[in-house]
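J.: Using the sequences plus the hints, can you model the full thing?
Number of protein chains: 2
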Amino acid sequence: MSTLEERLRDVVARRYHDRHPFNRRMHDGELTPDELRRWIRNRFHYQRAIPVKDALITAKFDSPALRRMWVRRIQDHDGGADGEGGIERWLRLGEAAGLTRERLLDADGVLPGVRLAVDGYVNFCRLRSPLEAVAASLTELSAPDIMRTRIDAFERHYPWIEADGLAYFRTRVGQGSRDSKEALALVLEWARTEEQRDRAVAALAFKCDVLWSLLDAVDHADGSEIGDEGPPA
Amino acid sequence: MSTLEERLRDVVARRYHDRHPFNRRMHDGELTPDELRRWIRNRFHYQRAIPVKDALITAKFDSPALRRMWVRRIQDHDGGADGEGGIERWLRLGEAAGLTRERLLDADGVLPGVRLAVDGYVNFCRLRSPLEAVAASLTELSAPDIMRTRIDAFERHYPWIEADGLAYFRTRVGQGSRDSKEALALVLEWARTEEQRDRAVAALAFKCDVLWSLLDAVDHADGSEIGDEGPPA
Numbered sequence: 001m002s003t004l005e006e007r008l009r010d011v012v013a014r015r016y017h018d019r020h021p022f023n024r025r026m027h028d029g030e031l032t033p034d035e036l037r038r039w040i041r042n043r044f045h046y047q048r049a050i051p052v053k054d055a056l057i058t059a060k061f062d063s064p065a066l067r068r069m070w071v072r073r074i075q076d077h078d079g080g081a082d083g084e085g086g087i088e089r090w091l092r093l094g095e096a097a098g099l100t101r102e103r104l105l106d107a108d109g110v111l112p113g114v115r116l117a118v119d120g121y122v123n124f125c126r127l128r129s130p131l132e133a134v135a136a137s138l139t140e141l142s143a144p145d146i147m148r149t150r151i152d153a154f155e156r157h158y159p160w161i162e163a164d165g166l167a168y169f170r171t172r173v174g175q176g177s178r179d180s181k182e183a184l185a186l187v188l189e190w191a192r193t194e195e196q197r198d199r200a201v202a203a204l205a206f207k208c209d210v211l212w213s214l215l216d217a218v219d220h221a222d223g224s225e226i227g228d229e230g231p232p233a
Numbered sequence: 234m235s236t237l238e239e240r241l242r243d244v245v246a247r248r249y250h251d252r253h254p255f256n257r258r259m260h261d262g263e264l265t266p267d268e269l270r271r272w273i274r275n276r277f278h279y280q281r282a283i284p285v286k287d288a289l290i291t292a293k294f295d296s297p298a299l300r301r302m303w304v305r306r307i308q309d310h311d312g313g314a315d316g317e318g319g320i321e322r323w324l325r326l327g328e329a330a331g332l333t334r335e336r337l338l339d340a341d342g343v344l345p346g347v348r349l350a351v352d353g354y355v356n357f358c359r360l361r362s363p364l365e366a367v368a369a370s371l372t373e374l375s376a377p378d379i380m381r382t383r384i385d386a387f388e389r390h391y392p393w394i395e396a397d398g399l400a401y402f403r404t405r406v407g408q409g410s411r412d413s414k415e416a417l418a419l420v421l422e423w424a425r426t427e428e429q430r431d432r433a434v435a436a437l438a439f440k441c442d443v444l445w446s447l448l449d450a451v452d453h454a455d456g457s458e459i460g461d462e463g464p465p466a
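Protein sequences, first through last, are from chains A and B.
Okay, so the first sequence: first residue is 1 according to the working numbering, each after it adds one.
Okay, so the second sequence: first residue is 234 according to the working numbering, each after it adds one.
Think of the hints as simulated: they come from the structure by calculation, not from any bench.
Fair warning: this is a prediction, and the values are worked out from it, not measured in the lab.
Mixed in with the good hints there might be a few duds.
Claimed, not checked - A short, non-exhaustive set of chain A residues, derived as facing chain B with CB atoms under 8 Å: (1) Pro51; (2) Pro64; (3) Asp78; (4) Ile87; (5) Ala185; (6) Leu188.
As the list claims (entries may be wrong) - Cβ-to-Cβ under 8 Å is the rule here; a few derived chain B residues that face chain A: (7) Pro284; (8) Val285; (9) Ala288; (10) Leu289; (11) Arg300; (12) Arg301; (13) Met302; (14) Gln308; (15) Ile320; (16) Ala329.
Here a beta-carbon is modelled for each residue, glycine too, at the ideal position from N, C-alpha and C.
T.: See the structure below:
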């Protein structure tokens, strides 16, 4: 009989999007500049929703200490002032890859499958229990590893993207490690019954599906979607 | 024809809870120690919901700058560390008035009318538009004045409450002034149509009803509710 932590780690090991064909091609250096820009642009739709889902999770907590912990995640992405934070760093990644800030911020060109995946995740955090919402965040257990691999892959295979553009990935190594430790401790503390443990595992599997579906949508797009053209590399 | 700002200020002038009979008696020094403790304890149920409703409002915003503005409100109440923030200061007010922290934190003894008022406000912020949720916060337009009057009244009429206990009121003078300026600017910017202006005014009237109903419930309680007994002053 596996412990809850083993079950959670097993979900991530089997279903995290580092195993998705599109991510494998990205890290193997096989993406065209247009494909990479398509991913950066569509993934930005997810990035900009992160502080929204984190504010919804914050609203579920009845203690100042828990809210403080989760507000820090909002601040990681929104920054302390204009020009700071993870959302800004992702915009700079897009610019380093040849996308304009205006195109990144224009949500109209986001692929329908990406939009549905992001909406689904935000609504999950809006509607489910604190345990499930926090358990869904545990994809962060693997995020630092995928970030380290990605930094190496981008430097090796996509040197046309300026190194400064990778600041988002570099920052997330430390943030993701801290976030996943905190969230795992909460889930292990809160999941007392078998039903609660099952719900936590299902929440994390759902979140893996969200990230996987996002890459499916990007992978299956044929490049003819509105505004997907970018400058040649 | 009044401007929107005039209409909003008129709602607060006519309907803010500084005009409620219970608040008038509080500020005239006519409350018994038990009545004052009943108010402090039941009002705490409102205080502890403030960062929750502010997190729900934060989740409505799509820009880092707006979320930063509203996250600061969460931090005002939750503090930057244990022992800080508005919720902690209200707990100390209760202790200064002879209530234990355990009793303040035990939500079971909260009056039903107070519970309904607070739930109603939180759900309003959860479900309504950003414009309405922000407009509802504009009772802060009068909060600094009521705080100043209250500090004077407590020092004069209820000297058995230690002066340190009034730190919550003192802090809110500056915070409320800043918050209401920011929120008013957003509402005036966002309310472009007559329907939007009407909704903003209605949202603020609703919020005045919330605060008024809270005092109604405290005023009409007969002191026999569970756990309302306190130490003699």
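J.: At a threshold of 8 Å, is the proposed contact between methionine 302/B and chain A supported by beta-carbon distances?
T.: Constraint on methionine 302/B not satisfied, violated at 10 Å.
J.: Would you check whether arginine 301/B satisfies its interface hint, that is, whether its CB is within less than 8 Å of any CB in chain A?
T.: Holds - the Cβ of arginine 301/B comes within 8 Å of chain A, reaching about 5 Å at its closest.
J.: Per the CB criterion, is alanine 185/A less than 8 Å away from chain B?
T.: Violated, because the Cβ-Cβ distance from alanine 185/A to chain B comes to roughly 17 Å (cut-off 8 Å).
J.: Is the interface hint for isoleucine 320/B satisfied, with its Cβ closer than 8 Å to some Cβ of chain A?
T.: 6 Å, holds
J.: Does proline 284/B pass the interface hint, meaning its C-beta sits closer than 8 Å to a C-beta of chain A?
T.: Result: holds, 6 Å to nearest chain A Cβ.
J.: Using 8 Å as the Cβ threshold, decide whether aspartate 78/A counts as touching chain B.
T.: Nearest chain B Cβ about 4 Å off; hint holds.
J.: Holds or violated: is the Cβ of isoleucine 87/A closer than 8 Å to a Cβ in chain B?
T.: 6 Å, holds
J.: Using Cβ atoms only, decide whether alanine 288/B comes closer than 8 Å to chain A, and label the hint accordingly.
T.: 4 Å, holds
J.: Regarding the hint that alanine 329/B lies at the interface with chain A, is the smallest CB-CB distance below 8 Å?
T.: 20 Å, violated
J.: Have a go at the leucine 289/B hint: is there a Cβ in chain A nearer than 8 Å to its own Cβ?
T.: Because about 5 Å separates leucine 289/B from the closest Cβ in chain A, which is inside the 8 Å limit, the hint holds.
J.: Against chain B, with CB atoms and a cut of 8 Å, does the hint on proline 51/A hold up?
T.: 6 Å, holds
J.: Let me know if the C-beta of valine 285/B comes in closer than 8 Å to any C-beta of chain A, holds or violated.
T.: This hint holds: valine 285/B lies near chain A, its Cβ roughly 5 Å from the closest one there, short of 8 Å.
Hint violations for this structure: numbers 5, 6, 13 and 16, all remaining hints satisfied.
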